[in-house]
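Trainee: As a plain string of letters, each chain reads:
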Amino acid sequence: MSSRNVILDQLKMYSSPGSSQRKTLVPKARKGSIEIFTEKATGAGAKVFLANEVEEAKNQIKKVLEELDGDIVYSSDKILEDLQIIDIAKTINKVAIEGQLEKKLDYKEIVFKSAIGITSCSYAIAETGSVVIEHSNSNERLISLAPETYICILSDEKIFENRYMLADILEEKTEQASAYSIITGVSRTADVAMQVVLGMHGPKNVFIIIYTGEL
Amino acid sequence: MKANPLLFEEVAKVEVLNHEQSDFLVMVKGVFDYLCNNAMNDYGDSDKQDLARDLGGDIRLNSLGHLAELLEKFEANAIANGINVLWAQDGDEACKLVEGLIDKHDVKIITKGKSMITEEIDLNHYIESKTGVEVHEGDLGEFIVQQRGTPPVHIVAPAINLQLGEIIDILHESIDMPKTEDANEIADYVRGFLRTRFQRADMGITGVNQAVASTGSLILVENEGNIRWSTSAPKIHVALMSIEKVCDNLADAMHLVGLLTRNCTGQSITSYVSILNGPRKENEYDGPEETYLIILDNGRSKAYADSELREAMRCIRCGRCGVKCPIYLQIGAYPYNNCYPGPMGVALMPLLLGVDETKHLYQACTQCGACAEICPVQVPHLSLNARYRQMKASGDKEFKASSNIWEGLFFKSLTTGMNNLGLYKTGLASMRFFTKNSSSDGYIKKLPGPFSSWFISRDLPEIPSQSFRQYWETEGYKFTKEGKKNE
Chain A
2 MSSRNVILDQ LKMYSSPGSS QRKTLVPKAR KGSIEIFTEK ATGAGAKVFL ANEVEEAKNQ
62 IKKVLEELDG DIVYSSDKIL EDLQIIDIAK TINKVAIEGQ LEKKLDYKEI VFKSAIGITS
122 CSYAIAETGS VVIEHSNSNE RLISLAPETY ICILSDEKIF ENRYMLADIL EEKTEQASAY
182 SIITGVSRTA DVAMQVVLGM HGPKNVFIII YTGEL
Chain B
881 MKANPLLFEE VAKVEVLNHE QSDFLVMVKG VFDYLCNNAM NDYGDSDKQD LARDLGGDIR
941 LNSLGHLAEL LEKFEANAIA NGINVLWAQD GDEACKLVEG LIDKHDVKII TKGKSMITEE
1001 IDLNHYIESK TGVEVHEGDL GEFIVQQRGT PPVHIVAPAI NLQLGEIIDI LHESIDMPKT
1061 EDANEIADYV RGFLRTRFQR ADMGITGVNQ AVASTGSLIL VENEGNIRWS TSAPKIHVAL
1121 MSIEKVCDNL ADAMHLVGLL TRNCTGQSIT SYVSILNGPR KENEYDGPEE TYLIILDNGR
1181 SKAYADSELR EAMRCIRCGR CGVKCPIYLQ IGAYPYNNCY PGPMGVALMP LLLGVDETKH
1241 LYQACTQCGA CAEICPVQVP HLSLNARYRQ MKASGDKEFK ASSNIWEGLF FKSLTTGMNN
1301 LGLYKTGLAS MRFFTKNSSS DGYIKKLPGP FSSWFISRDL PEIPSQSFRQ YWETEGYKFT
1361 KEGKKNE
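Quick note, the sequences are listed as chains A and B, same order.
Here the first sequence stands for residues 2 to 216, numbered as in the working numbering.
Here the second sequence stands for residues 881 to 1367, numbered as in the working numbering.
Careful, some of the hints might be misleading.
Unchecked claim - Under the rule of at most 30 Å between Cα atoms (straight-line distance), these lysine-lysine pairs were calculated in the DSS-like manner:
1) B:K893 with B:K1325
2) B:K984 with A:K109
3) B:K1059 with A:K114
4) A:K109 with A:K205
5) B:K928 with A:K29
6) A:K114 with B:K1161
7) A:K79 with B:K1161
8) B:K1161 with A:K174
9) A:K114 with B:K988
10) B:K953 with A:K29
11) B:K1316 with B:K1358
In case anyone wonders, no lab produced these hints; they're calculated from the structure.
All chains should be modelled from the sequences, with the hints used to inform the complete structure.
Mentor: This is the structure:
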């Protein structure tokens, strides 16, 4: 008998009767507060900026990029296309490369040598100040992880109150993404004599630019 | 992984005198208490915090009650997501499965996310001895203790017992780190060293914090980014989880993650929580090409048959019980000699290794109950410890508890004697005679034969020359059947 069947048969002999399905009471998804999100994300080490219209968002991105050294890699999603990241970079003499335009073999090399990664995000959680990246062919995993600086572009419409609401939204999806990353501030460690160090294996700087309204 | 009761005593005797360590651990307790209590305040007042713990306990109880059903549902959804699901009855089978995958995919470099289950089956040692493949722990604390060649001292903070100077020496000798006392510079050097391994690794190995039956997802929690690297950059991701790590739905999983991080590091959420649904899809540029999940039993299904013992599997490995335990705070992790130091190992290891082999764990417990009181998912530590002691006293073939004939005989005689006044009086007189020469300063300090070990660290008040009843009668009182006294 296979190990699978040996284990499951043993468990089945002593299972409780009835269905395993738990009805978890999750309140209907409600929009979360920008103020709470900002407070929590800032507390976790991110720098948060609010832009009330498209031009302000572009200016904010430009301002952040001006302070940073190195090349940019960005995900191929529509929001970043609408924000014309490549044009913003040109105005300040920076190289910006769209991850998906590179050949698959070169993609990792580009990401590993880029200093700045920019993506949009699908959801955000106000209670923890987290952004949630839904990974796909237009939003890769390493762009928000490998570069020294990560910039996340977030619509205020995507902010929900708490993690249970996020769980409910993801549960309802007919097709799951290959992965979701819930990112809260800057990676950290306290493994050296309990001293907190920000930016262990992930980006050392995290910027979140929240825009309101349509792009 | 082998427990060793003799080693426990030997190591504990040394560690209890390591005042630098115990002072440090007491300081750590203060820090963890402050951070974790603060984080639990997110739920509201103490009643609401209790409700959050109750819900955590309910979720775990539901998972355990329907383990087979949830595992089958999870497996079906995980396979639909493209995950290769494998099963292992014990650590050896799990290690061999990993070895097979290393061969199949021609793996040369492995990076790891911090994972207790791989410590439980000693996977690093197996891989290095059987395949010669490089294995790099990705978590900074795990990396330091890997270079030192010692096991992690705490589930969350593996190198927390090491002073700054020791860490500098270890990293200087092992990876040529320039000597510096700046924690940022130390972390930066290791970041650079591991970055090149993360980028070149063919395989990433991680544990799993929760598996979600309704979506077939794996949830992994971390602060440093080593898990995200190990699950994003290499072409192969291998995750290992024990059978009890499954829950019904994402909302339940999110609640457990909230309890875990608040009681583990005192954070509402950690820097990264990954919800992994399988390998990269077509046209995706990163993420693993293949994802494997090994579901490990390692003795748990046997314990599952006993409704009282299965409660040990409620544990979500936050480690909060450790920093509450007065024994752990005095002796640290090394005497426990297993990957789950402190009360969480005391609850689990007798089921995995047997009651005899782990007797030092539950016998060292004072039953103060601090661990059970703080546990966010209500692991019944006290009743489990009492049960292991009872199994040890009366014997239990299933869980490798050999009874002590002399101890059994002693307690049987005691029971008979206590139920018969004549025998009781005779027994007491014999004991008085037997212990007469062993008493000094009002205490019995040693006894010969099978009783000798009991007196190594304890004294017993000496048996008075007459009982209270005898004394009472010499004072002119008499007992009647009704218990009243007459002059």
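Trainee: Of all the hints numbered above, which does this structure not satisfy? Sort the numbers upward.
Mentor: none
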